[in-house]
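Participant: Sequences listed follow chains W and V, in order.
If you're matching positions, the first sequence starts at 1 in this note's numbering and goes up one per residue.
If you're matching positions, the second sequence starts at 1 in this note's numbering and goes up one per residue.
It is worth saying that the hints were derived from the structure and are not from the lab.
Small disclaimer: the values here were computed from a predicted structure and weren't measured.
Please note: incorrect hints may appear among the correct ones.
[Stated by the list, open to error] Here are the in silico distance ranges between beta carbons for each label pair:
(1) W/Ile484 - V/Leu45: 21 to 27 angstroms
(2) W/Trp383 - V/Ala477: 52 to 58 angstroms
(3) W/Val30 - V/Phe190: 55 to 61 angstroms
(4) W/Gly22 - V/Ser201: 56 to 62 angstroms
(5) W/Ala501 - V/Ser8: 37 to 43 angstroms
(6) W/Ala501 - V/His423: 57 to 63 angstroms
(7) W/Ala457 - V/Thr361: 55 to 61 angstroms
(8) W/Ala501 - V/Ala52: 49 to 55 angstroms
[Stated by the list, open to error] Below, a list of computed lysine-lysine pairs in the DSS-like style, where the Cα atoms sit at most 25 angstroms apart:
(9) V/Lys372 - W/Lys380
(10) W/Lys449 - V/Lys106
(11) W/Lys449 - V/Lys109
(12) W/Lys175 - W/Lys307
(13) W/Lys307 - W/Lys449
For each residue, glycine too, the CB sits at the ideal point set by N, CA and C.
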Amino acid sequence: MFDLSSLTVMSQQNLFYLLPEGILTLGLLVVLCLTIFNPKKTSEENYALMQVSLITVLLALSALAWTFLRVPVITPQKAAYSSITIDMFGYLMRMLILLGAGVTIAISHRFLEKNTRIVSDFYVLIMGASLGGMLLASSNDLIMVFVALETLSITSYILAGYFRRTIKSAEASLKYLIYGGMGTAVFLFGLSLVYGLAGSTNFQDIGIALVHYHGVVHPTLIVIMLMIVAALGFKLSAAPFHMWAPDVYEGAPTPVSAFLSVVSKTAAFAITIRMLLILFSGFAEWAVIWGILAVLSMIIGNFVALKQHNAKRLLAYSTVAHAGYMLLGLVVGTSVSVSSLLFYLVTYLFMNLGAFAAVIAFSTLTQTDEITAFSGLVQKRPWLTFGFSICLLSLTGIPITAGFFAKFFLFQSVALAGPVYIWLVIIALLNSTISMAYYLNIIRLMVVKEPSAEVEAISDSAPTSSALSTALSFCVFATLLLGIFASPFYQFTTLSVQQLAQQRPMVISQAIFQKK
Amino acid sequence: MDHLPVASILIILPLVYALILPLLPNRDKLLHTFSGVGAGLLFVLSVFFWLATAKHNIPVYQYVPWLPQLGINYIVGADALSWVLVLLTTFLVFMSIVASFTSINKRLKLYYSMIFMLTSAILGVFMARDLFVFFLFWELELIPMYLLISIWGGPRREYAALKFVLYTLFGSIFMLAAILGLYFLSKSIFGDGTFDFSRVSQIPHLGLAVGAQILLFLGFFIAFAIKLPMVPFHTWLPDAHVEAPTPVSMLLAGILLKMGAYGMLRLCFGWFPEAAHVLAPYLVLIGMINIIYTAGVAMVQADLKKLIAYSSVSHMGFVLLGLGALNAIGFKGAVFQMISHGLISAGLFMIVGTLYTRTHTRSIAEMGGFGKNLPTVYFFALIIALASLGLPLLAGFPAETLVFYGAFLSHAFQSIPWFGGTHLMLSIQTLTIISAIGVILGAAYLLWMFQRVFMGPIFPKWSDLKDAVPSEAFVLAGLVLPIIIIGFAPNLVAGQFSSEMTAMAAPYNHIEEAHNPVTTQTIASIPRSVIAHKKGESH
């Protein structure tokens, strides 16, 4: 039978699937125009622009859900001259990026109002970066990968320096730009070598072309691997490519740190997983490289986090550690471990954004984010303390919260993969025990200690932004929900990985090996 | 009753209280009343559920798929062993909340929330029927306990709270390893990983090597031994007790230590009989050291609360002795000791707390003659102290008697295998006799303590002390009443778990049979006339 609707969709290069990106672009342009043509805005107008941006993101989210439900993705689809893949993995990652963007917009408004006069450009940049991230998460072509990555990166550089009059913010931006520029150059070099080797920029074509090299140690391939790992490791803030992260996270406006540590990292993981599973699925050498990165990230992240006095820096180093845990899923590379990694990403999004939201809420109240200043917060702001504590407990991996299940799934999938990997699990477990010390210390200060001078100074009538508290509640709620009802989400991540596996050229290579 | 999720209701109800409390207006009286009524309701409800199910042999069991892909399911249930501990828990929580009326007066919302969260976690541990759920509740108990000690405790509270958490976490790592070990074994044996008690407990009987059994046994055992607490892992307990506020001490001694004993009985001894048989000599040896050593330490304490804390450790040694006997009587004695110890040690800590709120000192040297102006406290203290030293017709006596009886009749081991093939020539009977010295030591330090605190001339500065207020008298009377009732009618308690303990000891029956063939195996072959003759002789 000939299905007419599918024909029209096909003839439009499946652009139907890119409806969320379209809506986001449209909203971005609308907000941009409103910003340009009315440069001096009142507080109300700024608030309205925030609402427009938030509604755009929510519309894009609903469009995402609608396209997903309207045309179920039974097998992966190609769009835009097969430079975009539409699969469940892509849907999941795009959903995470949009959720992250929405939460970032909601938590940033009050903070920006307090610190700068130029508020609305921020939303344009956040939406632009998210657009880049979404395209990156579903790209199927090296050119697309690079363009999307640059969209994400360049907006991020600007965002990091958003408080341009603050020296730390400017420094963060410059540092990020220089490191990022290096990363991009190396990445591009790596990609061009891939093209040279395979003669195509399309993932499937490259995958098939590289099948010849399976099991062969080819010097060019080693160079490619190192270059791509370095560039992606930079984006993932995995040690030893993490040097920029703490400085940038500390210097950048806190909402930007939240965005970079969550959304940017999610997009980077998306493309890493996609490239690894589709392009380079037949190469075992990756495991060793990622293994070294994972162990280094965990150890450096946790040990340095122990010594931090500033909540933002602490969260920055802890994100390095979390990147380390997540990389374990890549080291093993089984479908169970990758789906556990995806589940970890989902929970990480909510718990980390929640923690950043709490830090923002605290610093708008007290103008500081020193850890000792959090003392006795429970006596002044019990619900903020509760929310922050839940996020911290989840980051630690304490039972009932989502973080526990994320760690449990991931570690057990790694342990099940083979006796070699047990050591990685032991290192990871020891590291989570260390992380307990600094996460739980904050809770201890907030709950057990008597109020600090800063907390004492919070007046009972000090307003809390409704958007901020809604976003924080949403993150806390999601963290608890994912903990108690982990099963359906885990099923979804499992399906996503199955669809990724369908796209790898392994089927052919296995057939070749079997013939031998 | 058949379809009501009884176990889940009991676990979730305190959590609901814990969530309602922060929303109440910040008035002390209201918070006290709400918590008191809530805890009372929980106790009444648990008794009602117990009468409605256990008495009619309705199994309490609930199975909800949670993460079926990984074999994790929410399974809770209660058998006789669980029920006695659940009833003990709800009763002691009620008592300790009433005790909080006078002794706690700051940050009440958080305090009562944490008490209820603790209750929920403990009930969860006693009723979990899935290792994963068990572990979750086991860990969940840490957070409220840490806060309860470190906010409402004494001067060195943060040190004590951290020590408690670190010790427990250290044990949990071994337990987690054992749980995952069983999980991976279940994956290779059944084809799908499971944490379900009823299936996991089969694994040791499906041809698992004794060495592996011992490793798994020890993994669980270390976690439980720290909780029990067993020498040499007991050092967290005196610190925690001394710094914790009175109601928390009552819960700590009364219920939290029972988590360790319960886990040992159900998981270690219930699941790994072969490993238990190999390890029993050492456990009884350590149990003996537990009883004697800590009794000796209690003897020399100058701090009243520390003395009680060490006596609590000493009495938990009887649980180890009873378990190590590896027979039904020993197991019954161990469970009985859990119940008696729960009531008695909570009572002793209540006495200490009552004195402390009046004198603000715990030093025995500064006390004396309190019997004169605190007659109510004096009266209850006397009964509880006598119960603790094992006076007949009070709760401590039947428990210790059962333990000694079980251990003395046991054939668990005749000598202890030692290094290089040598044997320590200590049979379980010898160790039991040595342990009995602990009872004498117990009598010594308890009576001496009682004499120094309540008898003799009174210090002038204490001359205007007031006697117990109604809420304190209520708690003391509430604890003493069951102590006396159990003392007079021990079968009221023992009858509840007797048949289950007999069933639990069934894997160990072969030990008795091997040593005592007349009583069980060959009884049919003995001519009837002989039996009749023997009967006639005994009359």
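Participant: Compare the structure with the hints numbered earlier in the document and write down the numbers of the violated ones, lowest to highest.
Facilitator: 2, 7 and 9
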